[in-house]
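Asker: Residue strings, one per chain:
2 protein chains.
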Amino acid sequence: MTKPSLPQGTRDFDTATVHRRNYIFNTIKNVFELYGFQPLETPAMENLETLMGKYGEEGDKLIFKILNNGLDEPKKIDKTKEGFAKLLEGKSSKDITERALRYDLTIPFARYIAMHYNQLTLPFKRYQLQPVWRADRPQKGRYREFYQCDADVVGSRSLLNELELVAIYATVFKNLNLPVEIRINNRKILAALAARCGGAGKMTDIAIAIDKLDKVGLEKVEEALKERGLTEEQVSLIRQFLEITGTNDEKLAALKTILAGNVTGLEGLNELEYITRQTVANIQAATLVIDPTLARGLNYYTGTIFEVKALNVQMGSIGGGGRYDDLTGLFGVPGVPGVGISFGVDRIYDVLTEINGFPADVYAGTKLLFFNLGVNEAMKAFELMQRLRHRGIAAELYHEAAKFDKQFKYADKKGIPYIAILGTRELETGTIVIKKLQTGEQTQVTFADLENYTF
Amino acid sequence: MTKPSLPQGTRDFDTATVHRRNYIFNTIKNVFELYGFQPLETPAMENLETLMGKYGEEGDKLIFKILNNGLDEPKKIDKTKEGFAKLLEGKSSKDITERALRYDLTIPFARYIAMHYNQLTLPFKRYQLQPVWRADRPQKGRYREFYQCDADVVGSRSLLNELELVAIYATVFKNLNLPVEIRINNRKILAALAARCGGAGKMTDIAIAIDKLDKVGLEKVEEALKERGLTEEQVSLIRQFLEITGTNDEKLAALKTILAGNVTGLEGLNELEYITRQTVANIQAATLVIDPTLARGLNYYTGTIFEVKALNVQMGSIGGGGRYDDLTGLFGVPGVPGVGISFGVDRIYDVLTEINGFPADVYAGTKLLFFNLGVNEAMKAFELMQRLRHRGIAAELYHEAAKFDKQFKYADKKGIPYIAILGTRELETGTIVIKKLQTGEQTQVTFADLENYTF
Chain A
1 MTKPSLPQGT
11 RDFDTATVHR
21 RNYIFNTIKN
31 VFELYGFQPL
41 ETPAMENLET
51 LMGKYGEEGD
61 KLIFKILNNG
71 LDEPKKIDKT
81 KEGFAKLLEG
91 KSSKDITERA
101 LRYDLTIPFA
111 RYIAMHYNQL
121 TLPFKRYQLQ
131 PVWRADRPQK
141 GRYREFYQCD
151 ADVVGSRSLL
161 NELELVAIYA
171 TVFKNLNLPV
181 EIRINNRKIL
191 AALAARCGGA
201 GKMTDIAIAI
211 DKLDKVGLEK
221 VEEALKERGL
231 TEEQVSLIRQ
241 FLEITGTNDE
251 KLAALKTILA
261 GNVTGLEGLN
271 ELEYITRQTV
281 ANIQAATLVI
291 DPTLARGLNY
301 YTGTIFEVKA
311 LNVQMGSIGG
321 GGRYDDLTGL
331 FGVPGVPGVG
341 ISFGVDRIYD
351 VLTEINGFPA
361 DVYAGTKLLF
371 FNLGVNEAMK
381 AFELMQRLRH
391 RGIAAELYHE
401 AAKFDKQFKY
411 ADKKGIPYIA
421 ILGTRELETG
431 TIVIKKLQTG
441 EQTQVTFADL
451 ENYTF
Chain B
1 MTKPSLPQGT
11 RDFDTATVHR
21 RNYIFNTIKN
31 VFELYGFQPL
41 ETPAMENLET
51 LMGKYGEEGD
61 KLIFKILNNG
71 LDEPKKIDKT
81 KEGFAKLLEG
91 KSSKDITERA
101 LRYDLTIPFA
111 RYIAMHYNQL
121 TLPFKRYQLQ
131 PVWRADRPQK
141 GRYREFYQCD
151 ADVVGSRSLL
161 NELELVAIYA
171 TVFKNLNLPV
181 EIRINNRKIL
191 AALAARCGGA
201 GKMTDIAIAI
211 DKLDKVGLEK
221 VEEALKERGL
231 TEEQVSLIRQ
241 FLEITGTNDE
251 KLAALKTILA
261 GNVTGLEGLN
271 ELEYITRQTV
281 ANIQAATLVI
291 DPTLARGLNY
301 YTGTIFEVKA
311 LNVQMGSIGG
321 GGRYDDLTGL
331 FGVPGVPGVG
341 ISFGVDRIYD
351 VLTEINGFPA
361 DVYAGTKLLF
371 FNLGVNEAMK
381 AFELMQRLRH
391 RGIAAELYHE
401 AAKFDKQFKY
411 ADKKGIPYIA
421 ILGTRELETG
431 TIVIKKLQTG
441 EQTQVTFADL
451 ENYTF
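So the sequences go chain by chain: A and B. At position 152 of the first sequence (counting the first as 1) the number is 152 in UniProt numbering, and the numbers step up by one without a gap. At position 251 of the second sequence (counting the first as 1) the number is 251 in UniProt numbering, and the numbers step up by one without a gap.
Worth double-checking, as some hints may not be accurate.
A pair holds if it fits inside one copy or across any two, identical chains being indistinguishable in the list.
Unchecked claim - Straight-line distance between alpha carbons at most 30 Å, and here's what the computed DSS-like set of lysine-lysine pairs gives:
no. : residue 1 : residue 2
1   : K61       : K251
2   : K174      : K29
3   : K435      : K29
4   : K215      : K226
5   : K251      : K380
6   : K406      : K212
7   : K226      : K436
8   : K140      : K226
9   : K367      : K29
10  : K256      : K61
11  : K380      : K367
12  : K29       : K414
13  : K3        : K414
14  : K414      : K309
15  : K61       : K212
16  : K309      : K3
17  : K256      : K3
18  : K367      : K309
19  : K174      : K220
20  : K3        : K403
21  : K174      : K380
22  : K251      : K212
23  : K212      : K436
Everything labelled a hint here was simulated from the structure, so no lab data went into it.
From just these sequences and the hints, can you work out the full model?
Answerer: Take a look at the structure:
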């Protein structure tokens, strides 16, 4: 007899959780569709070679690989001891595994774009909301199965897309009643800073160091940069850069001074200015803040980068994204630019839980429980219930003629707000008693009137 | 460079497909909720031991197992040649794999019930709509990743549940405008037939043989039964049974004769009669037909069994289910009865495609494309577009000031019904031209009037 349990880092979602999660999902999806984005779904499994090598060495290790089974084509297996040892040492071979679980939504999307590039209407705007799997060590707030939620525009270099994506963030969080700050920066500005600090080769070092600013503080960042060979003067320039404050316009002016006419830097500044000075995009619904310290770890961003933080709540970023130049080069279709954002739906769930931000009616549930008071009474109740359901009112009939207590308890535990009592007397008089449990208020209505009863 | 492809037996779902699938999913979910069923979601991964041994020897082989990786607890590995050979021969060991992908929704549900039995409000009515994975050889209409859609009532022996489930089938297919026949039988009747043909031990043989009736015909079924040791007389009884025709009441009468007072059989007949004679459950929306030849392969059914066939279409069953006595015994919680149904959503999709049964507006998509005719014009268009989106109208602005042709083509390919033209002249006069592409009809409206324009 197995004592049942769940794999580490995975979760069951009960009714209340499913409905609250769907509230978040639907709010986001509705906005995506208002903005002309279209859904795409890809399979949970991808060919291993589609995924491997795309997430760095660490990422590769965290990909869940699927064991081949007897029905796959037989493969030559190196049956020596050394052969087996190699197979099992994580140097995965096609003999053991050829498929893996999706690790994010970006690579499957790139794979899809590469496979269908010639049939797509560009710019291609897709959104995708699906689970991904990572063999990370589970801990609070980090799961091995979790949802990602991405929207990308592919095949356009227009900054209008950045505007749209900022507006999407603003609208979604406004609709969720969740006050946020959208932080924005531009990789070209970071590149220009790198150029002023010893060349483009320093870009990654600088980005990674800056990325850690929040966690380790300015002093440690400076130490790390010096260790990477930056001069006192260069580190001082970076310090000035990181200490920029003020309004967006003040920050733009300060950046202009520091970047001293670097052409790429000016391009980045113009882009930032274009986006942050727009008043038309309703982006004022959220606070859009230039943050020169925003770097975002992933290397493939090349222009605007975004990050969203919930205000007044202790929580990492609940959204992020940016512009990239070459989504599908790895799959043989070079030069496909794009820009995208993602929503951290699990964290948004946690924030809304913390601030008690879910609407009370996020899950309507069953409206009315018909008590079961005998065979004939139940049959009449069934008939009346079907008419209510036909009107779109969720109703149930208790499954057996149990004691009142038991039926009350069922209604109570399921949070059903109304009960309907139809006993021998009611059957004779053609009436039914409706009781609102919260107030105890009772009404007697005829069978015919029940049709139009307002719950 | 990888030439990208999909694993065999898996699919990407593009926009149109996602929306058509969601139409089916939402139609079903809405009915489930009207009937008081609540959603449950379980993780894609289960512990291997939760799944193994639950689906028969063949099923075990078709379970997709997930390779352990470095982050799992280190396990003792038998590093001899024989040890490795054993590991790779499908006798999966914890050293290689401890987790697997969900093979169906029933076992994860049973696992959930067993884990939470004491906290549940009984009867517990859950529905679940999630993908499952099977390493079946892919072929037309059979995939390695596909959705299942189940509704079960657990913890009640009341026949009212059967009535409800029949009504759910009837309502869902009525809402989908898909004419179906719901076939119904009862395992107790088959058990009684077995008892009359040499005892309960023959039950499985008979059920399997009957199950093949559709495919192989009566003659082959009789041969198979004889091979299994049934006498001429017994086979003749089964023939009579299988040849029963007429109305439901005529079938009930004929069954009564054949089962000749067998107690279990009479119980089954009473249950069948109770369900098929009800007029209150709106089940007349579908055709409910007693089918004595309905056996359903799975052994765990003990009472009513269902199957749904689409009328006028060549297609296997698009739904099925039944009553079982012991859902969670395998997980240490014995005696939990239940009854459930499932919808074959992939097949329903295929049937609706074949009969052209998807509503025209299943995917609304973008309503209006604003042409992009220059920087200032685009900014004004953006502003107007935001107001429309605020009203819930999906709109887009073409991403760059391209030639008319190109913008038209985009609208056409994306199936956008209206375009909005805002050029220099319109900007000056504060108007905008709306054109309905299907008819060519054009209207000039002021910016203010656009707010109330009916698309």
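Asker: Evaluate K29 and K414 at a C-alpha cut-off of 30 Å and name the case that applies: within, between, both or neither.
Answerer: both (29 Å within a copy, 18 Å between copies)
Asker: How would you label the pair K174, K220 (within, between, both, or neither) given a Cα cut-off of 30 Å?
Answerer: Neither. Shortest intra-copy (37 Å) and inter-copy (67 Å) distances fail the 30 Å Cα cut-off.
Asker: With identical chains treated as interchangeable, where does the CA-CA distance between K3 and K403 reach 30 Å or less: within a copy, between copies, both, or neither?
Answerer: neither (34 Å within a copy, 67 Å between copies)
Asker: 30 Å Cα cut-off: does K251 pair with K380 within a copy, between copies, both or neither?
Answerer: Result: close only across copies, 27 Å inter versus 72 Å intra.
Asker: From the Cα coordinates, with 30 Å as the cut-off, is the pair K367 and K309 best called within, between, both, or neither?
Answerer: Neither way: K367 and K309 sit 37 Å apart in one copy and 32 Å across, limit 30 Å.
Asker: State whether the alpha carbon distance between K414 and K309 is at most 30 Å within one copy, between copies, both, or neither.
Answerer: Close neither inside one copy (35 Å) nor across copies (34 Å); limit 30 Å.
Asker: Could you figure out if K251 and K212 sit no more than 30 Å apart (CA to CA) within one copy, between two copies, both or neither?
Answerer: within (21 Å within a copy, 76 Å between copies)
Asker: Which holds for K256 with K61 at a C-alpha limit of 30 Å: within a copy, between copies, both or neither?
Answerer: neither (42 Å within a copy, 64 Å between copies)
Asker: Should K174 paired with K380 be assigned to within, between, both, or neither, using CA atoms and 30 Å as the limit?
Answerer: between (47 Å within a copy, 23 Å between copies)
Asker: If the cut is 30 Å between Cα atoms, do K380 and K367 qualify within a copy, between copies, both or neither?
Answerer: within (18 Å within a copy, 47 Å between copies)
Asker: Between K61 and K251, at a C-alpha cutoff of 30 Å, which is it: within one copy, between copies, both, or neither?
Answerer: Neither: 41 Å inside a chain and 62 Å across chains, both beyond 30 Å.
Asker: For K215 and K226, with the copy left unspecified, which applies at a CA distance of at most 30 Å: within, between, both, or neither?
Answerer: within (18 Å within a copy, 77 Å between copies)
Checked against the numbered hints listed earlier, the structure breaks hints 1, 6, 7, 8, 10, 14, 16, 17, 18, 19, 20, 23; every other hint is satisfied.
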